[in-house]
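J.: Residue numbers (my numbering), protein chains in the order written: chain L, 1 to 807; chain G, 1 to 660.
Check the hints yourself; a few may be wrong.
[Stated by the list, open to error] Listed next, the stretches of chain G that the computed footprint assigns to chain L, with coverage defined by at least 3 CB atoms under 8 Å from CB atoms of chain L:
(1) 161 to 170
(2) 226 to 238
(3) 305 to 313
Everything labelled a hint here was simulated from the structure, so no lab data went into it. Beta carbons: idealized from backbone N, C-alpha and C, even for Gly.
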Amino acid sequence: MPAKRKRQRDGPAPVPLLPPEIHDDDIEISDGDVEFVTKNKGYAGFLSGLDTKGITKQVLGLKPDWNGDNLERFYEKKAKVAANKDFDNALTVDPVDALPIKNPDGTLEYRRVEKAKAVPSTEKKQDADKKEQPTKTKQKAQDKSIKAKKESKPRAKGAEVEPDVKKPALQPEVLEELQEFVSVEEKRGHMKEKIANLSTELLSCPEDSTGSLKELISICSDKDDTVKHFAMLSLMAIFRDILPGYRIRPPTEKELEMKVSKEVKQTRDYEATLLKCYQGYVQTLIRGSYTASGRHIALKCMCGLLEAVPHFNFGDNLLRAVVPFLDASDPAERTLASLALCSLFKNERKHGGEATVEAVQLIADYVKESDCNVQPDVLQVFLALTFDENIVNKNEKALHKPKSKFKREDKKEKRNTSADDIRKEVEDDFREASTLPDAKERRKLQTATLSAVFETYFRVLKAAVAPSTATDSSSSLCSHPLLGTCLQGLLKFSHLISVDFLGDLLAVLRKLAEGKSSVEERLQCCVAAFRIMKANLDALTVDLKEFYVHFYDVLLHLYPDRNLDSENSFAEALQVILCESRHHDLQRVAAFVKRLAAVSFHFGSSTAMAALVIIRHLLLRYKKCRNLLENDGGGGNAMVFHLNEPDPDLSGALSSVLWELALLQSHYNPEVAKLSQQIAGTLASENFSVVMSPKDATAAYSTQQGGFRPAVKLPPSKLVKKSSYKSRQAPSSLLDSVEDSENAVDFRGYFRLLRDITENQALRKELVKSKTMVEMYARYKSEKRIAAAGKKSKTKGPRKINKKIKA
Amino acid sequence: MDLEKLKEKDPEFYKFLEEHDQELLGFKEDEEEEQDDTEKPTSRDKEEDSLTIAHVESWIIAVKEKENYAALRKLLGAFRSACHYGEGEEEELSERFIINSSNVFNKVMVFILSELDGIFKKMLHIHQEKKVATEDLKKIGRWKKLFPFVKSYLASALHVLNQMTDNRMISFTLRRLRPSIVFLGEFPALGRKFLKAAFHFWSTGEQSLSFVAFSCIRDMAMQLGTDCLESCSKTIYKQFVSSAKFVSATTLPRIQFLANCVVELYGIDIAVSYQCAFTFIKQLAIILRNALTVKSKDSFKKVYCWQYMASLELWVKVVSAYTGKDNLQPLAYPLAQILGGVSRLVPTARYFPLRMQCAVMLNRLAAATNTFIPVAPVLLDMLDFKEMKKPPTGGAGDSVDFHVVIKVGKPVVKTRAFQEECVNTVLEQLAEHLTQWCYSVAFPELALIPLAQLRRFVKETNVDRFRRLARQLVEQIERNVEFVTKKREGVSFSPKDSEAVASFLKAEREAGTSPLFQYCNVLRERAKERRQALVETRLFSRFSSTSFYLLSCCSVEVKQKPDEDELARDDGKAKELFNKKWHQQKKRAGTEILTKKQQKEEEKEKGDQAGVEEDRVEDLLLSDDDEQDDEGVRSNDDEAAQKPANKKRKRSSKQKQRTK
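Please model the entire structure based on the sequences and the hints provided.
T.: Below is the structure:
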């Protein structure tokens with residue numbers, strides 16, 4: 001039976017169970033059965049009337065579908081049939097036995113022949129079943145062959161299924177489910193193949209296979225999600241390849257009326273179909289992006305298209321669909337969308353900037369609609385934008401420029417004609433070849449983009465300022481998720497801000513820097529304010545004193561060592577506020593020097609280095625501040641230094657002493673210690689050739705990514721080898737005192753233990769030996785009994801061995 | 001013999017056997033041969049080879065008094081067979097003595113182990129006290145002659161060392177082998193074997209054994225020169241790391257003991273130590289860098305685990321122990337940076353215990369090396385967490401011992417006990433950090449940021465207790481700021497005059513008059529009490545091992561002076577904590593052994609009263625380990641009770657067979 005089972009498992013068609021095969025083997029026909037049948041020939045007569053030939057023929061008909069294993073079984077069965085025929089013709093094909101009963105404990109019970117007679121009415125049905133089964137088998141075999149073609153995944157699933165199938169007496173529902181599953185798998189494999197075929201066809205010759213394009217798009221609305229996704233993804237790849245590098249404009253009526261050559265017509269037809277198909281596809285995608293299951297795939301496809309073919313028709317539809325995903329709750333989707341948009345912004349060549357404007361405006365609208373309560377990713381993408389340096393302020397100048405250039409060219413032309421002709425020709429060709437739109441157009445687009453960007457930024461700022469007065473301080477921290485990115489953006493584009501807004505902007509920033517927002521944001525506000533000032537030096541005469549005060553305060557609460565970004569932003573702040581700005585008040589400088597020195601106690605080494613570098617810079621720049629290094633009783637300054645004074649101008653720092661350097665000299669980081677020593681001691685000599693910006697210092701000494709800067713002192717490369725060392729101190733003396741207490745160790749117990757173990761081992765060995773002996777003897781006895789019954793000699797052997805057993 | 005009989009009596013069966021199971025027959029034949037072998041000597045041993053006490057004693061006298069080589073050879077032969085006793089047939093010894101009496105065995109072992117080293121040295125004319133380098137041995141004339149004897153002695157002793165299981169015997173053997181370490185230099189293979197065994201016992205054995213093993217390792221490293229020391233330094237660290245995988249209240253003292261041993265070993269040659277420490281600290285840094293760059297959960301786990309923390313702590317200890325320019329001071333910088341990086345790696349409240357450990361280590365490192373390490377941001381950052389500002393929602397909760405956990409569960413973070421422990425330790429460590437510089441001329445500036453942030457915390461926290469505690473600290477810091485400011489108004493030196501800066505407030509420092517210093521002492525006292533309470537609750541809540549635990553109290557809280565004084569009174573003037581701990585442990589171990597002995601004997605004698613005995617023992621040592629041991633003893637006894645019976649049966653049957 002087990003052997004049989006196993007073979008069955010190998011067989012191709014597990015589902016229908018092949019019951020006759022089982023019963024052939026298993027049924028033992030008792031004498032009583034035979035008797036019964038022969039006695040009641042009247043009942044059993046129908047058995048002989050069965051169309052055995054037909055049945056076998058049907059089985060035979062299956063032969064081509066069966067593999068070797070099945071064939072073998074078939075012939076085996078045939079042989080049995082032949083053997084049984086002599087016995088009783090009817091029994092060989094008794095269909096009643098086809099369905100075994102499964103007991104609760106899982107064992108199978110096969111009905112006997114008698115029962116078959118008791119329920120003869122079911123016989124026909126069984127017969128019908130049996131006819132059905134082979135067809136099922138056939139189908140399954142086909143399934144199998146298709147499955148085999150598929151990839152490993154479905155096959156693994158199929159393998160999983162099979163053991164279940166093997167269990168006899170499966171409920172029909174389960175069977176159906178399985179069948180469905182198998183058919184779905186099969187269908188998927190089928191569709192996959194189809195998609196692959198269509199795609200290769202399309203790619204090889206897109207013009208000729210618009211039919212397959214249509215078909216593929218129709219697959220996109222398949223019921224099965226998996227198939228749908230396959231189709232979508234492959235279509236994305238296809239469209240990325242086959243879409244032309246220009247936008248297709250539907251021909252006007254006039255154009256349609258005109259007679260055109262065959263080729264033009266062909267192209268036109270193709271383009272029309274392509275456009276239509278693409279439209280359908282985009283629509284499908286957009287529809288898909290609303291559903292939960294297909295959202296991710298649809299988004300992926302849309303992003304792929306946006307990256308590759310932003311210039312093409314329906315780009316705006318795609319953008320409209322993708323932009324909301326910047327605010328998706330799933331971070332993976334957010335990154336997908338933002339990556340797509342960033343690449344859109346960066347590769348403006350493809351679409352000439354139009355898509356950028358579109359996207360930025362869409363984002364601006366989105367932010368507006370959702371009241372600035374969106375994920376920071378939405379604004380993060382703006383940072384990828386690039387603008388020409390001169391687009392805002394120099395609009396007029398820029399307009400003039402080409403003219404003057406032209407004039408100059410005129411003059412040149414007069415001078416040397418022949419060489420310039422060639423050059424001009426080349427230039428013209430080049431301009432034609434490059435897809436860049438002319439400067440005017442570009443400027444227009446960029447201005448539109450920029451205004452949308454700033455509109456959004458200002459909106460965010462306004463939103464951040466407005467409610468912060470209304471709500472309490474604790475909630476204001478999290479209510480402006482966009483503030484950080486917004487400030488970052490402002491920093492980046494600060495040079496582009498129009499002068500008209502600057503006053504308001506600074507007011508808002510001042511409000512934000514005052515407090516309530518987080519320390520980092522306050523720092524960013526200060527930096528932004530100084531940046532803006534610097535960019536518009538000629539246009540503004542605003543005193544940034546308040547920002548100095550804020551920065552002075554922010555320094556107290558800053559943890560710049562949290563990560564690389566905060567380290568860098570701190571260094572940048574130092575650079576912008578203290579290095580690059582205009583002339584400072586001496587008191588203010590001294591106060592900042594003092595504060596930075598105090599703060600650098602609690603910074604990591606890289607930021608401490610940045611702070612010290614700034615201190616050095618300031619002390620070098622403002623000679624008078626070097627008083628801080630000397631303890632000369634306030635240097636005749638009447639003011640007394642107040643550490644906790646919030647206003648740097650009023651702190652009286654000029655009369656203090658930079659004591660911090662004394663302690664910083666014992667800083668654990670050798671470089672910090674060295675630099676502070678340098679500042680404290682040798683600054684007067686002014687021999688600083690190396691000028692380092694705080695940013696450089698941070699970069700040079702940052703250990704956020706691990707490593708040591710400066711490097712750790714290396715061990716000596718060669719050791720002085722010593723043959724022995726003299727005992728420095730003596731834990732050994734301790735040990736000796738201990739020794740005495742435990743001097744007497746008794747090894748007798750150990751000996752006994754060892755002895756017992758050995759003896760035990762020996763005895764065990766003996767036992768094993770004796771046992772084998774007895775076994776051998778038993779074998780010997782039995783063999784002897786079989787071989788020759790007559791001999792009866794050995795009496796000693798068994799007795800002896802018996803004794804051994806007792807032992 | 002059986003087989004031959006069988007052959008006679010039942011040739012057919014014999015033939016059958018031959019046909020079917022050669023193996024069985026062969027095995028029998030072997031056996032027979034062996035039996036022949038063994039039987040002959042047994043017949044002989046009654047007269048000659050079986051060792052008697054008289055034999056051994058006569059040899060001993062011969063060796064001791066006449067330095068007789070023949071007797072020495074015999075003794076070593078006996079020792080060898082004693083060491084290889086009970087190992088079955090594999091050994092093929094040319095000189096083989098049969099030891100049938102436990103007395104003889106004992107005599108041989110004890111004599112050889114305890115006196116042979118002295119005899120060797122006497123023969124080589126080496127004075128016991130004088131240390132001799134290995135190289136000098138070759139110069140001694142008799143060394144060549146003694147060489148094989150010493151080798152045999154050491155080889156046998158090492159062999160038996162690896163066989164033994166009883167801790168007392170092992171430590172005895174180790175201790176006896178210690179004087180002979182000088183000889184091991186001549187036999188590198190044996191030396192390696194010895195070291196391996198010693199390291200094994202050091203890292204796994206119970207404390208007294210561990211100490212003996214360590215002193216062997218130390219002697220080995222000292223006497224055999226740089227190469228040996230180098231390999232020892234490496235191995236000891238690796239062993240330490242592998243035994244510091246799991247830290248709990250029970251294992252912590254042991255790990256600290258092991259760490260102290262490592263510190264001791266690294267003190268032998270600073271140049272070697274620097275090299276080893278440098279590589280190992282670099283390894284730690286590489287792991288950290290990996291975590292910083294990869295940022296995967298697994299890489300974080302490699303840093304945030306006990307092994308990593310224990311090694312960091314070890315290095316902090318080592319570097320702190322040997323500060324100074326020529327010593328390991330330069331390694332304080334990478335260590336501090338690693339500690340800072342580790343504390344910031346995963347900034348969540350659940351890892352506060354780990355962060356706190358880092359802060360403690362940083363403080364310790366800074367204090368030992370007298371360098372400035374920015375500990376304050378690590379601590380103040382913790383107060384900034386929203387978990388510390390919100391009132392606790394998770395109920396009171398069990399108190400958490402920050403020394404024996406790295407990470408706490410999410411619900412624990414919300415408990416009051418956790419919050420309290422956090423705030424308390426943050427304030428304590430902050431005070432500790434500032435106290436280190438409370439006499440510094442730059443103290444007012446140093447305190448600026450901590451003050452600002454503490455004030456903010458006072459303002460923002462909702463818990464009255466925390467506010468009160470923080471305000472207290474703020475007041476003390478302010479007082480100290482005032483104290484320093486006033487003093488420095490009078491000075492005339494500048495920041496660059498480093499000598500003058502160093503001597504600023506020297507008198508006050510020695511007198512300990514700064515307000516913050518005094519307050520910090522109060523805080524330390526409080527912390528000690530808190531910890532004591534924690535220990536007690538733990539002791540009450542479950543029977544944790546006392547002997548180790550009490551130890552941990554005095555070792556973890558380095559500043560616990562009163563306790564130590566008491567100990568010191570008992571043990572004379574041992575200066576190092578290391579030593580003290582050892583003594584205490586030693587005593588305990590002694591009593592343990594004693595009680596165990598008693599218990600064993602008594603149990604054997606009056607097995608019925610075992611229950612009473614157990615109660616008594618539990619009173620004496622409330623330890624898990626010992627309870628386990630008790631069980632072990634009991635089960636052993638049970639087995640022992642069964643075994644003899646079995647054996648008797650077997651033996652009698654065997655005898656029957658033989659007689660047949």
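J.: Please check whether the segment 161 to 170 of chain G has three or more residues whose CB lies within less than 8 Å of a CB on chain L.
T.: holds (count 4)
J.: State whether the coverage of the segment 226 to 238 of chain G by chain L holds or is violated, taking the criterion as 3 or more residues with Cβ-Cβ distances under 8 Å.
T.: Three-residue rule met by the segment 226 to 238 of chain G, so holds; n is 4.
J.: Under 8 Å between beta-carbons, do enough residues of the segment 305 to 313 of chain G, three at least, approach chain L for the coverage claim to hold?
T.: violated (count 0)
Consistency note: the structure conflicts with earlier hint 3 alone.
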